[in-house]
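Generate coordinates for the entire structure from the input sequences, incorporating the hints supplied.
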Amino acid sequence: MENWTTVCSTSDLTPNGGICAKVDDNQVAIFYCKRSDTLYGLSNYDPIGKANVMSRGIIGSLSGEPYVASPLYKQHYHLETGECLEQPELKLVKFEVRKQGEQVQVLAPLAIAS
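Convert by adding 146 to the 1-based position in the sequence shown; the result is the number in this note's numbering.
If you're looking for bench data, these hints aren't it; they were derived computationally from the structure. Incorrect hints may have been included.
Said to hold, decoys possible - With a straight-line cut-off of 30 Å between C-alpha atoms, the simulated DSBU-like cross-links for lysine-lysine are:
hint, residue 1, residue 2
1, Lys-220, Lys-196
2, Lys-245, Lys-168
3, Lys-240, Lys-196
4, Lys-237, Lys-220
This is the structure:
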C-alpha cells in the first residue's frame, strides 16, 4: 500500500524554486518548475557540502534537461534522476511527489524489514 504524506498546499510552492519538507526521517527538497507545471522531489542533503541545503538551490536546464545547482559548491543534479552531472557516481535520493487537488504529497519511503 502506498503511503502518500501531505506536506504543504500548492500555494506554498515557490515557482521555479524549492522548499523543504520532512517526511518521516527524511528531508525532501521539492522543486516546482512553473513552465512545465512539474514537481520534483530529491533528498535535501548535499553529499559534497555535507549539509541539508538542496532546497535552496537554483533550478534551470542544461541541454534541455532540468537540473538544480547546489547552493554551496554549484554541482548540478538532474531533477528527474538525482544524478550529479559533474560527478556521476554521486546521486541524490529521488522522491515521488504529486499534486492532489490543492495539496502537495510525497510518497513516503517504505520501512526496510530487518
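- Item | Given hint Lys-220 paired with Lys-237 - CA-CA distance at most 30 Å | The given pair, whose Cα atoms are some 14 Å apart, holds under the 30 Å limit.
Hint check: Lys-220 vs Lys-196, CA-CA at most 30 Å. Holds or violated? holds (13 Å)
| message | Hint check: Lys-240 vs Lys-196, CA-CA at most 30 Å. Holds or violated? | response | holds (17 Å)
Compare the distance between the alpha carbons of Lys-245 and Lys-168 with 30 Å, and conclude whether the hinted pair is satisfied. Cα-Cα ~17 Å, so holds.
Going through the hint list in order, the structure satisfies each hint without exception.
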